[in-house]
Amino acid sequence: MFNKNKKWVGLIAFVLVVSVVMAGCSGGNKENKSSNGGASQTPADSIESKQPESEGKKEEPVKLIWYTIGTPPTDLAKVNDEINKHILPKINATVEMKLLDWGEYDQKMKIIIGSGEAYDIAFTSSWANDYFGNSKKGAFYELDSLIEQYGQGVKSALNPAFLEGTKVNGHNYGLPTNKELPQQRVFRFNMEMVDKHGLDIANVKTIDDLEPLLKAFKEKEPGIAAIPGTPMEFLPFDYPITDLPFIGVAMDTQDYKLINTWDTPETMKYLKTMHKYYEAGYLPMDVATLKDAGDYFKTGKWLTDTADTQPYADNLWSGDAGYKVVSMPMHDPIAFNWSVAGALQAINAKSKHPEKAMEFLNLLYTDAELINLVDFGIENVHYKKTGDNTKDAIPDSGYGFPAFSVGNLMLTYLNTADPADKWDQFKKFNDSSKNSPLLGFQVDTTNITTELANLKNTKEATYKSLFSGTLDPETNIPKITQKLKDNGLDKVMAELQKQIDEWRAKQ
Amino acid sequence: MDSPSKGKLRDIHRLPAAWNGLLHLIAGGFAFVCVFPFVFVVILSFTEENSLLVNGYRIFPEEWSLFAYSYIFRTGDQLLKSYGVTVFVTIVGTALTVLLTTLYAYSLSRKNFKFRGFFAFFAFFTMLFGGGLVPSYIVVAQLLELKDTVWALILPMTMSAFNILVLRTFFLTMIPDAIIESGKIDGASEFRALLSLVLPISLPGIATIALFSTLAYWNDWFNALLYIDSNKLVPLQALMMRLYNTMQFLIQNSTLLNSGQSRELIRSLPQETARMAMVVLATGPIVFAYPFFQRYFVQGLTIGSIKE
Numbered sequence: 001m002f003n004k005n006k007k008w009v010g011l012i013a014f015v016l017v018v019s020v021v022m023a024g025c026s027g028g029n030k031e032n033k034s035s036n037g038g039a040s041q042t043p044a045d046s047i048e049s050k051q052p053e054s055e056g057k058k059e060e061p062v063k064l065i066w067y068t069i070g071t072p073p074t075d076l077a078k079v080n081d082e083i084n085k086h087i088l089p090k091i092n093a094t095v096e097m098k099l100l101d102w103g104e105y106d107q108k109m110k111i112i113i114g115s116g117e118a119y120d121i122a123f124t125s126s127w128a129n130d131y132f133g134n135s136k137k138g139a140f141y142e143l144d145s146l147i148e149q150y151g152q153g154v155k156s157a158l159n160p161a162f163l164e165g166t167k168v169n170g171h172n173y174g175l176p177t178n179k180e181l182p183q184q185r186v187f188r189f190n191m192e193m194v195d196k197h198g199l200d201i202a203n204v205k206t207i208d209d210l211e212p213l214l215k216a217f218k219e220k221e222p223g224i225a226a227i228p229g230t231p232m233e234f235l236p237f238d239y240p241i242t243d244l245p246f247i248g249v250a251m252d253t254q255d256y257k258l259i260n261t262w263d264t265p266e267t268m269k270y271l272k273t274m275h276k277y278y279e280a281g282y283l284p285m286d287v288a289t290l291k292d293a294g295d296y297f298k299t300g301k302w303l304t305d306t307a308d309t310q311p312y313a314d315n316l317w318s319g320d321a322g323y324k325v326v327s328m329p330m331h332d333p334i335a336f337n338w339s340v341a342g343a344l345q346a347i348n349a350k351s352k353h354p355e356k357a358m359e360f361l362n363l364l365y366t367d368a369e370l371i372n373l374v375d376f377g378i379e380n381v382h383y384k385k386t387g388d389n390t391k392d393a394i395p396d397s398g399y400g401f402p403a404f405s406v407g408n409l410m411l412t413y414l415n416t417a418d419p420a421d422k423w424d425q426f427k428k429f430n431d432s433s434k435n436s437p438l439l440g441f442q443v444d445t446t447n448i449t450t451e452l453a454n455l456k457n458t459k460e461a462t463y464k465s466l467f468s469g470t471l472d473p474e475t476n477i478p479k480i481t482q483k484l485k486d487n488g489l490d491k492v493m494a495e496l497q498k499q500i501d502e503w504r505a506k507q
Numbered sequence: 001m002d003s004p005s006k007g008k009l010r011d012i013h014r015l016p017a018a019w020n021g022l023l024h025l026i027a028g029g030f031a032f033v034c035v036f037p038f039v040f041v042v043i044l045s046f047t048e049e050n051s052l053l054v055n056g057y058r059i060f061p062e063e064w065s066l067f068a069y070s071y072i073f074r075t076g077d078q079l080l081k082s083y084g085v086t087v088f089v090t091i092v093g094t095a096l097t098v099l100l101t102t103l104y105a106y107s108l109s110r111k112n113f114k115f116r117g118f119f120a121f122f123a124f125f126t127m128l129f130g131g132g133l134v135p136s137y138i139v140v141a142q143l144l145e146l147k148d149t150v151w152a153l154i155l156p157m158t159m160s161a162f163n164i165l166v167l168r169t170f171f172l173t174m175i176p177d178a179i180i181e182s183g184k185i186d187g188a189s190e191f192r193a194l195l196s197l198v199l200p201i202s203l204p205g206i207a208t209i210a211l212f213s214t215l216a217y218w219n220d221w222f223n224a225l226l227y228i229d230s231n232k233l234v235p236l237q238a239l240m241m242r243l244y245n246t247m248q249f250l251i252q253n254s255t256l257l258n259s260g261q262s263r264e265l266i267r268s269l270p271q272e273t274a275r276m277a278m279v280v281l282a283t284g285p286i287v288f289a290y291p292f293f294q295r296y297f298v299q300g301l302t303i304g305s306i307k308e
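Chain order of the listed sequences is F and X.
Here the first sequence stands for residues 1 to 507, where the numbers follow UniProt numbering.
Here the second sequence stands for residues 1 to 308, where the numbers follow UniProt numbering.
Source of the hints: derived by calculation from the structure; they are not laboratory data.
Be a bit skeptical, because a hint or two may be false.
Reference excerpt, derived from the structure (chain F facing chain X, CB under 10 Å, subset only) [what the hints assert, rightly or not]:
1) T74
2) E104
3) Y105
4) D106
5) S115
6) A128
7) K257
8) L258
9) T261
10) D263
11) T264
12) K298
13) A349
14) K350
Listed below are the simulated DSBU-like cross-link pairs for lysine-lysine, each with C-alpha atoms no more than 30 Å apart in a straight line [unchecked claim]:
15) K215/F <-> K269/F
16) K81/X <-> K108/F
17) K232/X <-> K108/F
18) K110/F <-> K81/X
19) K385/F <-> K434/F
20) K81/X <-> K63/F
21) K384/F <-> K81/X
22) K232/X <-> K384/F
Residues from chain X that keep clear of chain F, each with C-beta distances beyond 10 Å, as calculated [stated by the list, open to error]:
23) C34
24) F36
25) E48
26) P61
27) F67
28) G117
29) A141
30) A210
Source: prediction; values computed, not measured.
Every residue gets a Cβ at the ideal spot worked out from N, C-alpha and C, and that includes glycine.
Taking the hints into account, I'd like the entire structure generated from these sequences.
See the structure below:
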C-alpha cells in the first residue's frame, strides 16, 4: 500500500512538472513568434533596419496596440475593422483599439506600464495616466525626431503653444489633441431664475459683483441656495504643482518669486467675501462636505455656479440642462501647463514600431475621414450626415468615443445644432490665449516627496472648508499658514524656487 | 411555535415569557438593522427618478416607477452578458476550488504523507509573503497569457492558502484516523478512502469552502479590472465597479475634463434609480443561494461520526 502511495505521488509530481514545462515552452514560443513576426529583435535594431525595408513596400503589415480612455462601446470591434480597412493601404499597419473605462484607466495603465506589457500607443494627460511623470520616468518614446520625420501634419495642425507647453526637459513625449488650448473660468447663470426675478448679470466679473444678485435672490427664493456648491476660485496666480494651490507666482510676475498665495491680500479678500456669503446663507450649510453630482443642474434649483468654458459652451450647457444657461467670464483665456496637457497620445518607449505609431497618429491630425470614423463611428450606422460638414448621432447606436482625447478635433463634423463657425471660434479662442508664467515648467519632486505628501494632506483637510466660506479666514489663515510651515512649506518653496530659476536660466 | 401546550408542565429550557419577548425583540431589531439598508435600496430602485432628485431618499417615495428596471433591460444586453460571465465563473470556479482545495488539504492532513511539512509550508508561505500586484500581473497576463480570457477570472483565485488551512484543520479534527485505517484494512486505496469514507462525512467542511469561494467569485471585480479589456467578459461586479469608478472619476475631474464633454458623459451614465436597480439585480441571486448553504454551516457545528 505504501508503494501505491508513492506511485501516486510520483505520477502527480510528473504531471505537474510536465505541464509547467509545457506552459513555459508554449509561452516562450508565442513570444518569439510575435517578436519575429513584426520586426527584428531589439527596438534599436528595428529603427535602423526599418527605413530601407519600407521602401521595398513588401514588409508584413504591423499591428499597433492602442490603449485609450473611454467606456468601451458595443460596436468597438466593428468600427475598429473599418479603421483598419482605411489605414492599411495608407501606412501598411493596423491598430487594435483597447478602450479602458474612465475610472479604470489610470490604475490599469500603471500596471501595464509597470509590468512592461507590450503596447504601442496610449492616452495620457495631466489628470489620468500622468503625462509628465511617465515622461520623466522614461515610459514614453521621445518624439522629437519622429515628429520631424513623420509628424509634419501634426505640427501644422497644432497651435505651437501645445507642443511647447507639453515639453518635458526640452523634449516632446506626447501629441496633444487639437482642441481648446487655454483655460477660461466663468460664472454660469440659470437664466430661468435670472429672468424670473429680473436680475442683471451683465456686469458680473468677480465674486464681489455677485452680491446684489445673491441678496435679491435670497429674498425671493429663500428655500434655494443660490450657489449650490463650492465655486472654483480664480485668483491671479500660477501654481507649479496644481495639487498645491498655495505655492505660486503672481500671474504678472517679473522676477518669478514664489509666494504663499493663501497669505496674500487677494486671497484674503476673496475668502472674506466667500465667508460673508456663507454666513448670509447664499450657500448650503453643508457645502464643505457636499459632493457635487450635478443634481442641481437637473432640478434647476440654483442661481449661479462656476465652470471652465470653451467657445459655444453656453449652448452645450443649455442643451444639457433643458433651460437657458448663460456664462460670464472671470478673466481672459490663459494657457496653463495642465490645460495644455489636457489630452495627449504617447508612444510606448519600448514599442517595436514607433515610426508606424507616429504615422498613424499623424493621420489622426490630417485625415478627416479617419478621425471622424474614430470619433463618431460608421456613417449611417452610428451617425447620419446632414450636410457637408454636419452630422447627427443616431441614438443608442452602440458607438461612442471621447472625441477630445485624440487627434484633430477641428477636422470632425459638427452637430447639426452647432454654429457653423464653431471650429473657427476655437482657433480664435486658442490664438487669443496668453501663456501663463510657468508654462513649460515641470517640477522634479524627488527631493521633496514627503513634504509634498504632508502638504497635500494639509490642503485636503482645509481647502474645501476655507474656499467654500465655511471658515472665517481672518482667524484661520494664520493657523493654516503655520500648519503649512510645520509641514515643510519653506523647504518645498526653496526647492521649487531653485528649479524655477534654473529653468528660466536655460530659456 | 413556542407553545403548543398551555396546560402542560413548563419546559425547564424555556425562558420566562417576558425575557423571551425581550430577546426576540433585540434579535429582531438587530436583524432589521442589517436588512433595512438593502430594503431601502430596493425601494429606491422603484422610485421615480425626478421625485428622487427633488425629495432625496425616502422610504415612502412620492411616486413609484419601474423605469429603472426597464432602462436596464432595454440597454442591458451588457448586463445579461455580465450575468452570464459571473454565473459561469462562479460555478466553474467553485467546482475547481473545491476539487483542488480538497485534494491539497486532504494530503496535508494525512500523517503518513512524507512531504507534508514542505507542502504545508509551501501554501502557508503565500499567506505571509505575496508577490505583489505587478509580478502577479506579469505571471497571469504575460507568462500564462490569460489576459482577456475567462480563465484569468477563475485561475488566480482557485487556490487560497486560507481555504487549504481551514479544510486541513477540518480533516484533522473531524476525521478520525480510525476511519481511514479501517478502510485500509478492508483494502481501500488512498483515493478510495477519500472518496468513499472521508468525503461523505466531510460535506460541512467542503460546503464551507464552497460557500467561501462562491462568495469570492461572485463578488470579485479586481481580477476583471486587471485582466479583462473586452466587454464580452466583464463580470457583474466589475461592471458595477466600472460604473461607480467612472462616476466618481467624472465628478472629481469634471473641471479638468473638457467641460462640455464631461457633462455629456455624466448624462450617458445610468441614473440614480437605475444604479440602485443594478445593485438589486446583482445581489439578488446570492441572497437566495445563501440559505441553501447555510444549512451546512449549522450541520458543520454539530456533526460527529464516531464516538471514541
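D263/F as an interface hint toward chain X, with CB separation required under 10 Å: violated, 24 Å
Interface hint status, K257/F versus chain X (Cβ within 10 Å): The hint is violated - K257/F has no Cβ within 10 Å of chain X, the shortest such distance being about 28 Å.
Given hint K384/F paired with K232/X - CA-CA distance at most 30 Å: holds, 28 Å
Exclusion check [F36/X not at the chain F interface, CB over 10 Å]: For F36/X, whose nearest Cβ neighbour in chain F is about 23 Å away, the distance exceeds 10 Å, so it holds.
T264/F as chain X interface residue, shortest Cβ-Cβ below 10 Å: Since chain X brings no Cβ nearer than about 23 Å to T264/F, farther than 10 Å, the hint is violated.
Minimum beta-carbon distance criterion (10 Å), K350/F to chain X: Nearest chain X Cβ about 13 Å off; hint violated.
Chain F versus P61/X - minimum CB to CB distance exceeding 10 Å, so not interface: Answer for P61/X: holds, closest chain F Cβ roughly 16 Å.
Hinted contact Y105/F with chain X - closest CB pair below 10 Å: Holds - the Cβ of Y105/F comes within 10 Å of chain X, reaching about 8 Å at its closest.
Interface-negative label, G117/X against chain F, beta-carbon threshold 10 Å: holds, 14 Å
Given as non-interface: F67/X, partner chain F, CB spacing beyond 10 Å: holds, 15 Å
Proposed proximity, K81/X with K384/F (alpha carbon, max 30 Å): Answer holds: K384/F to K81/X is near 29 Å, not above 30 Å.
Interface hint status, T74/F versus chain X (Cβ within 10 Å): holds, 7 Å
In summary, the structure is inconsistent with hints 7, 8, 9, 10, 11, 13, 14, 19 and 29 from the numbered list given earlier, while agreeing with the others.
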